[in-house]
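K.L.:
Between the sequences and the hints, there should be enough to build the whole structure, so can you do that?
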Amino acid sequence: MEQPDEEVLRDYLTGNDEKAAEMIFLRYKTRLLNFCLRMLGNRADAEDVTAEVFLALFARRYAFNPAAKFSTWLYTVARNQCISQIRKRKNLVSVWFSSQRGGDYEEMEAEDPRDTAGRELEKKEAAASVRRAIDQLPYEQREVIVLREYHELSYEEISQVVSCSLENVKILIFRGRERLKTALSSLIKEDQR
Numbered sequence: 001m002e003q004p005d006e007e008v009l010r011d012y013l014t015g016n017d018e019k020a021a022e023m024i025f026l027r028y029k030t031r032l033l034n035f036c037l038r039m040l041g042n043r044a045d046a047e048d049v050t051a052e053v054f055l056a057l058f059a060r061r062y063a064f065n066p067a068a069k070f071s072t073w074l075y076t077v078a079r080n081q082c083i084s085q086i087r088k089r090k091n092l093v094s095v096w097f098s099s100q101r102g103g104d105y106e107e108m109e110a111e112d113p114r115d116t117a118g119r120e121l122e123k124k125e126a127a128a129s130v131r132r133a134i135d136q137l138p139y140e141q142r143e144v145i146v147l148r149e150y151h152e153l154s155y156e157e158i159s160q161v162v163s164c165s166l167e168n169v170k171i172l173i174f175r176g177r178e179r180l181k182t183a184l185s186s187l188i189k190e191d192q193r
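Using this note's numbering, you'd call the opening residue of the sequence shown number 1 and step up by one each time.
Honestly, the hints are just simulated from the structure, not real lab data. Incorrect hints may have been included.
Stated by the list, open to error - Computed spacing ranges between beta-carbons, pair by pair: (1) 59 x 121: 41 to 47 Å; (2) 30 x 123: 15 to 21 Å; (3) 6 x 130: 33 to 39 Å; (4) 121 x 6: 43 to 49 Å; (5) 185 x 16: 49 to 55 Å; (6) 26 x 168: 32 to 38 Å; (7) 80 x 29: 16 to 22 Å.
Unchecked claim - Calculated pairs, DSS-like style, for lysine-lysine (alpha carbon to alpha carbon, straight line, at most 25 Å): (8) 29 x 88; (9) 69 x 19; (10) 123 x 181; (11) 69 x 29; (12) 181 x 124.
C-beta: ideal position from N, C-alpha, C; glycine also.
P.N.:
So, in C-alpha cells, the structure goes:
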C-alpha cells in the first residue's frame with residue numbers, strides 16, 4: 001500500500017493542515033471501506049465503521065509512532081473498530097454468513113472497458129465464489145487472508161495489526177489458503193458438471 005509522503009503525514013499528525021487530512025482520507029477511504037466491508041459483510045456497517053476509523057485516527061493522531069508504517073496503524077485501528085462493531089451485534093456467526101443469506105457484501109472494483117460482457121460476468125461469478133469461500137473461513141484465518149491478499153500487507157505488518165506472532169500469522173495464512181483451495185476446488189467441480 002502506498003504510504004503518504006512525509007510532509008503530508010507530518011501535517012496530518014500535527015493537525016495543522018485540513019488539506020492533509022483530506023488527502024489522507026481520499027488516499028485510503030476506498031481501501032479502508034473494502035477492508036471493513038470484508039470484515040463486517042454489511043455495507044451500512046462498513047461505511048459507519050470507516051467513518052469512525054477516520055475520526056479515531058484524527059483523535060489519536062498523537063499516538064502514532066512515526067517509526068511504524070502508517071498503513072499498519074490504519075489497519076490496526078480499523079480492525080479494532082470492526083471488532084467493536086461485531087461485539088455490538090453480539091452475533092458473530094450471522095455476520096460472517098450474511099452474504100449466504102442475501103447480505104449486501106460486495107467489492108468496489110475499477111471497471112475495465114475492454115472486457116466483454118461474458119468475461120465480466122465470469123469474473124463477477126468467480127469473485128463471488130471467492131468471497132463466499134472467504135466468508136466461510138474461521139475469523140482469525142479470514143482476517144489475515146484479507147489483510148495479506150486484498151490489502152497486500154507483509155507478514156510482519158499483519159503480525160502487528162492482529163497482535164500475534166509472525167509464526168502464528170504464517171500458520172493462519174497457510175491454513176486459510178488450504179481451506180480456500182478445498183472450498184474453491186469443490187466449487188470448480190460443481191461448475192464443471
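K.L.:
If you check the beta carbons of residue 30 and residue 123, does the distance land in 15 to 21 Å?
P.N.:
Holds, at about 19 Å.
K.L.:
That 16 to 22 Å hint for residue 80 and residue 29 (C-beta), does it hold up?
P.N.:
18 Å, holds
K.L.:
With the threshold set at 25 Å, check whether the alpha-carbon distance from residue 69 to residue 29 stays at or below it.
P.N.:
Holds, at roughly 17 Å.
K.L.:
Is the straight-line distance between the alpha-carbon of residue 29 and that of residue 88 25 Å or less?
P.N.:
23 Å, holds
K.L.:
Tell me if the beta carbons of residue 185 and residue 16 are separated by a distance inside 49 to 55 Å.
P.N.:
Holds - the Cβ-Cβ distance for residue 185 and residue 16, about 54 Å, lies within 49 to 55 Å.
K.L.:
Taking only the CA atoms, is the gap from residue 69 to residue 19 under or equal to 25 Å?
P.N.:
21 Å, holds
K.L.:
Take a look at whether the Cβ-Cβ distance between residue 59 and residue 121 falls inside 41 to 47 Å.
P.N.:
44 Å, holds
K.L.:
Kindly confirm whether 32 to 38 Å is satisfied by the beta carbon distance between residue 26 and residue 168.
P.N.:
34 Å, holds
K.L.:
If you draw a straight line from the CA of residue 181 to the CA of residue 124, is it 25 Å or shorter?
P.N.:
Cα-Cα ~19 Å, so holds.
K.L.:
May I ask you to test the hint 43 to 49 Å on the CB atoms belonging to residue 121 and residue 6?
P.N.:
44 Å, holds
K.L.:
Does the alpha-carbon distance linking residue 123 and residue 181 stay inside the 25 Å limit?
P.N.:
With Cα atoms ~18 Å apart, residue 123 and residue 181 stay inside 25 Å; holds.
K.L.:
Return holds or violated for the Cβ distance of residue 6 and residue 130 against the range 33 to 39 Å.
P.N.:
Taking Cβ atoms as reference, residue 6 and residue 130 lie about 36 Å apart, which means the hint holds.
Hint compliance for this structure: no hint is broken.
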